[in-house]
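*Asks:* Residue strings, one per chain:
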Amino acid sequence: MSDAAVLSVRDLTVEFPGDDGSSLRAVDAVSFDLAAGGALGIVGESGSGKSTTALALLGLHRRSSARVSGQILLGDDDVNALDDEAVRRLRGHRIAMIFQDPLSALDPYYRIGDQISEVYRTHSGASRRAAWARAVEVLDRVGIPDAARRARARPHEFSGGMRQRALIAMALACEPEILVADEPTSALDVTVQAQILDLIDDLRADTGMALLLVTHDLGVVSRSVERVLVMQNGRAVEQGPVGGVLRAPAEPYTRALLAAVPRLDGPAPSRRTPSGEPLLTVTGLTREFRRPGGGLRRDVLRAVDDVSLDVRRGETLGVVGESGSGKTTLARMIVRLLTPTSGSIVFAGQDITDRPERELRPLRRDLQMVFQDPVSSLNPRRTVGDSIADPLRVQGTDDRAALRTARELMERVGLDASRHDRYPHEFSGGQRQRMGIARALSLRPRLLVCDEPVSALDVSTQAQILELLEDLQEEYELTIVFVSHDLAVVRQVSDRVAVMHDGGLVELADAEELYASPRHDYTRTLLAAVPALA
Amino acid sequence: MTRYLLRRFASTVVLLLVMVAFVYVIFYALPANPAVLVCGKGCGGGQLAAIDHKLGLDQPEYVQFWHFLEGIFVGRDYSSGPDVSHCAAPCLGFSFQNDQPVLSLIGQRLPVSLSLTTGAMVLWLVIGVSAGVLSALRVGRFTDRAVTAVSVLAFGAPIFVSGMLLLMLFCGYLHWLDFPVYVPLTDDPAAWAKNLLLPWFTLAIAQAAVYARLTRTGMLETLSEDHILTFRAYGLRERRIVGRHAMRGTLTPIITLSAYDFGYILVGAMLTETLFGLPGLGQLIVQSSNNVDLPVVAGLTLVAGAAIVVANTAADLLYAVVDRRVVLT
Numbered sequence: 012m013s014d015a016a017v018l019s020v021r022d023l024t025v026e027f028p029g030d031d032g033s034s035l036r037a038v039d040a041v042s043f044d045l046a047a048g049g050a051l052g053i054v055g056e057s058g059s060g061k062s063t064t065a066l067a068l069l070g071l072h073r074r075s076s077a078r079v080s081g082q083i084l085l086g087d088d089d090v091n092a093l094d095d096e097a098v099r100r101l102r103g104h105r106i107a108m109i110f111q112d113p114l115s116a117l118d119p120y121y122r123i124g125d126q127i128s129e130v131y132r133t134h135s136g137a138s139r140r141a142a143w144a145r146a147v148e149v150l151d152r153v154g155i156p157d158a159a160r161r162a163r164a165r166p167h168e169f170s171g172g173m174r175q176r177a178l179i180a181m182a183l184a185c186e187p188e189i190l191v192a193d194e195p196t197s198a199l200d201v202t203v204q205a206q207i208l209d210l211i212d213d214l215r216a217d218t219g220m221a222l223l224l225v226t227h228d229l230g231v232v233s234r235s236v237e238r239v240l241v242m243q244n245g246r247a248v249e250q251g252p253v254g255g256v257l258r259a260p261a262e263p264y265t266r267a268l269l270a271a272v273p274r275l276d277g278p279a280p281s282r283r284t285p286s287g288e289p290l291l292t293v294t295g296l297t298r299e300f301r302r303p304g305g306g307l308r309r310d311v312l313r314a315v316d317d318v319s320l321d322v323r324r325g326e327t328l329g330v331v332g333e334s335g336s337g338k339t340t341l342a343r344m345i346v347r348l349l350t351p352t353s354g355s356i357v358f359a360g361q362d363i364t365d366r367p368e369r370e371l372r373p374l375r376r377d378l379q380m381v382f383q384d385p386v387s388s389l390n391p392r393r394t395v396g397d398s399i400a401d402p403l404r405v406q407g408t409d410d411r412a413a414l415r416t417a418r419e420l421m422e423r424v425g426l427d428a429s430r431h432d433r434y435p436h437e438f439s440g441g442q443r444q445r446m447g448i449a450r451a452l453s454l455r456p457r458l459l460v461c462d463e464p465v466s467a468l469d470v471s472t473q474a475q476i477l478e479l480l481e482d483l484q485e486e487y488e489l490t491i492v493f494v495s496h497d498l499a500v501v502r503q504v505s506d507r508v509a510v511m512h513d514g515g516l517v518e519l520a521d522a523e524e525l526y527a528s529p530r531h532d533y534t535r536t537l538l539a540a541v542p543a544l545a
Numbered sequence: 103m104t105r106y107l108l109r110r111f112a113s114t115v116v117l118l119l120v121m122v123a124f125v126y127v128i129f130y131a132l133p134a135n136p137a138v139l140v141c142g143k144g145c146g147g148g149q150l151a152a153i154d155h156k157l158g159l160d161q162p163e164y165v166q167f168w169h170f171l172e173g174i175f176v177g178r179d180y181s182s183g184p185d186v187s188h189c190a191a192p193c194l195g196f197s198f199q200n201d202q203p204v205l206s207l208i209g210q211r212l213p214v215s216l217s218l219t220t221g222a223m224v225l226w227l228v229i230g231v232s233a234g235v236l237s238a239l240r241v242g243r244f245t246d247r248a249v250t251a252v253s254v255l256a257f258g259a260p261i262f263v264s265g266m267l268l269l270m271l272f273c274g275y276l277h278w279l280d281f282p283v284y285v286p287l288t289d290d291p292a293a294w295a296k297n298l299l300l301p302w303f304t305l306a307i308a309q310a311a312v313y314a315r316l317t318r319t320g321m322l323e324t325l326s327e328d329h330i331l332t333f334r335a336y337g338l339r340e341r342r343i344v345g346r347h348a349m350r351g352t353l354t355p356i357i358t359l360s361a362y363d364f365g366y367i368l369v370g371a372m373l374t375e376t377l378f379g380l381p382g383l384g385q386l387i388v389q390s391s392n393n394v395d396l397p398v399v400a401g402l403t404l405v406a407g408a409a410i411v412v413a414n415t416a417a418d419l420l421y422a423v424v425d426r427r428v429v430l431t
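Note that the protein sequences, when read in sequence, are chains A and B.
Heads up: the first sequence begins at 12 in my numbering, then just goes up one per residue.
Heads up: the second sequence begins at 103 in my numbering, then just goes up one per residue.
These aren't lab readings, by the way, just hints derived from the structure by calculation.
Where hints are given, some of them may not hold.
[Stated by the list, open to error] One side of the interface only, derived from the structure: several residues of chain B facing chain A at Cβ under 7 Å:
hint, residue
1, 171
2, 172
3, 332
4, 335
5, 336
6, 341
7, 350
8, 407
[Unchecked claim] Pair ranges (Cβ atoms, derived):
hint, chain 1, residue 1, chain 2, residue 2, range
9, A, 138, B, 262, 50 to 60 Å
10, B, 421, A, 350, 55 to 65 Å
11, A, 244, B, 244, 34 to 44 Å
12, A, 335, B, 260, 53 to 63 Å
13, B, 322, A, 301, 29 to 39 Å
14, B, 262, A, 29, 42 to 52 Å
15, B, 427, A, 348, 27 to 37 Å
16, B, 427, A, 138, 21 to 31 Å
Heads up, the beta-carbon is just placed ideally off N, CA and C, and yes, glycines get one too.
Please put together the full structure from these sequences, using the hints given.
*Replies:* Structure (structure tokens):
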């Protein structure tokens, strides 16, 4: 082990035994060093073994059936060789971990201060009072305002960013040598992500702890670590200084991964600028929801507030915003899955604002939607062919013709049509999103509203889906409304971009113009928060 | 919270009215004549008419129902000539077969049912929850399978079978216990407990089986949650993770179900009370139904309904206390 390394992993292999005697090698002979005070990023797509590796560092596979071999040297201790009690004492004390979803990572029943004190007391044996003081101190350190009071809150009373801060505070409590962060910002908005990453930087500089950052986001890696390890199918494909690997990748896989990432810089994708007349016009569109627990008082949340825009025939209009900005509500109103509280929607010259469902049905052909989660938006108990054929059946096509069209569509979106009688769970995430697109296209719509269609997908799959959408747009003469939180993805696919914030439309401009010279402060903040790649 | 309680109260009142009306309808549809049951076979037409009059049975049904409701709020008199019995509010009616106001009948029997239910609940919670936790921690192993097998058996055995077996074993064969006779707690606590031992276990066995299954499922679910992994990753001792963090999530639904079961069994332990000759509310329901003692049945329906609704409300309130994310509206 090299002198300065605080953690040294050699030939780490993790295997999960299968039912039939075979075993799945999730991590395959991975070796790396983490320098004292240094930062190493592990990147890879889902299933690459990066999280499995992170869990192994804390010996967290011990209670599962996984077989872990190789060395995990933390100083002079081999985590893999120590007994359970010794490993328990290391956890949280010398090596701490933070997780992707800070809501589920904290116990909903206990006060945040109590949870942090409990960890601190376990390792320090401090008194209750001292532990509470320590909890308040670390909460204050991670930027929780009014920490002494907020320590008494329970996790659901914190926002997403605050929860992640609280979890970082827990990690900080015992001053560990290493912080393992498994996708710490993937569930957060881009501006919150920037704050959390800044906080981690700051704490590293302050305490000298080393960082092991596991993420799928190459931008985050490029911004936050010095060295990077690229994993694919359980193997370490490439590792080195982050600048070198990202600028001049040696391995084809790394190059492919980098090429798939949509970027904010670099040449703008060439897109025709459609100047067609509007296909859809919304004016003063507003939607209110009653807040739960509001009771008799009219306590309403204005999810979309007076939005006016038009979507031109043949264009892709990108809609970006953070969570809670109202972009999904807007998308659902456009296809009339939600009825607006006020305002109007005119589609192809017809006012559809509050047309009842029965009269809307013929128009449903023209208005279709692709959803974010390809798992939950397909009926798990219906075959793929049936799911894709259903909209046709609803519109009165006979069964054989509907199924024939479904098979053709499967081929068109890149699925094997002979698998039409299979069920959604037999397909991968990317394949399921293709099904969602095929189903939306079955009626040959004129307007396709895609709500975060690629957010649940890996970058390489994402790139394929985006390419598919572009091809289909041309072939089917589609007008697309593309809703996403991801500014880079939106830049890549859109002709024009609308930025939403707190239910309102902040800025709407040609994509190129908006990214090159954003006019509104909020757009600038948003763009500045995205971690740049290399 | 206040709003929630008010709304809950209002809906309860409506619910209870509907229930009592329903009981009245059922009883008028019955072919039995209550006056005959009060008086006996030897009564003639004149006597029957007098009893009918005293009971108010000669009035139209809706008037009887109205008088019943009136009794609850202001009290009422039952009279036939010089023979007047007053029943003060809240009057749930007057049982002529027992020659007592319904409320005092219920009052006498409530302590018995309370004793039975409370003791049994303590037992089934202790047995059920510990068996469930043990089962979850040893999932797939021998202990888990054994607990599962026993609970399926216990749940499947009807109370009159399991109770009878316990009686035969401990009273008839081993002679460890005398046949249970109810002794009030205030008279002799030791005798009270000793005599209730068998009824408690009889009720608790079937209930414990349900609670063991529920605890096992809840525990396994909670143990697979992310925050349990967090605490493992922070080096908390396994005993503490299970005892403090996993238990809390597991117990929440169990507390709710217990409150509900308590209300239900308080008025519904008919089999156990009949089998062991305990003069509780369940036994009273069986007896008065057999005797077509309408005032008692109607009064009990009201009390039973109220007990279950109160228990449900208590369950909801407890839930909101245990889990702060729950807001009652």
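*Asks:* Hints first: check each against the structure and report whether it holds.
*Replies:* Evaluation of the provided hints:
1. A hinted interface residue such as residue 171 of chain B counts as satisfied when its beta carbon comes closer than 7 Å to some beta carbon of chain A; here the least separation is about 30 Å, so the hint is violated.
2. Among the interface hints, the one on residue 172 of chain B is violated; its C-beta lies about 34 Å from the nearest C-beta in chain A, farther than the 7 Å criterion.
3. At a threshold of 7 Å, the smallest CB-CB gap from residue 332 of chain B to chain A is about 5 Å, leaving the interface hint in force.
4. Taken as an interface hint, residue 335 of chain B checks out: its beta carbon lies about 4 Å from the nearest beta carbon of chain A, inside 7 Å.
5. The interface hint given for residue 336 of chain B holds, since its Cβ lies 3 Å from the closest Cβ of chain A, which is under the 7 Å cut-off.
6. Because the closest C-beta pair between residue 341 of chain B and chain A is about 11 Å apart, greater than 7 Å, the hint is violated.
7. With a cut of 7 Å, the hint placing residue 350 of chain B at the interface with chain A holds, because the nearest CB-to-CB distance is about 5 Å.
8. With a cut of 7 Å, the hint placing residue 407 of chain B at the interface with chain A is violated, because the nearest CB-to-CB distance is about 27 Å.
9. Separation of residue 138 of chain A from residue 262 of chain B is about 57 Å and conforms to the stated range, judged on CB atoms against 50 to 60 Å.
10. Look at residue 421 of chain B against residue 350 of chain A: about 34 Å separates their beta carbons, and that is not inside 55 to 65 Å.
11. Separated by about 39 Å at the C-beta atoms, residue 244 of chain A and residue 244 of chain B satisfy the suggested range of 34 to 44 Å.
12. For the hinted restraint 53 to 63 Å between residue 335 of chain A and residue 260 of chain B, the CB-CB distance of approximately 55 Å keeps it satisfied.
13. As the Cβ distance of residue 322 of chain B to residue 301 of chain A is approximately 37 Å, the hint placing it in 29 to 39 Å holds.
14. As the Cβ distance of residue 262 of chain B to residue 29 of chain A is approximately 49 Å, the hint placing it in 42 to 52 Å holds.
15. Taken as a hint, the range 27 to 37 Å holds for the pair residue 427 of chain B and residue 348 of chain A, whose Cβ atoms sit roughly 28 Å apart.
16. Hint check: residue 427 of chain B to residue 138 of chain A, Cβ distance near 30 Å, so the stated range 21 to 31 Å holds.
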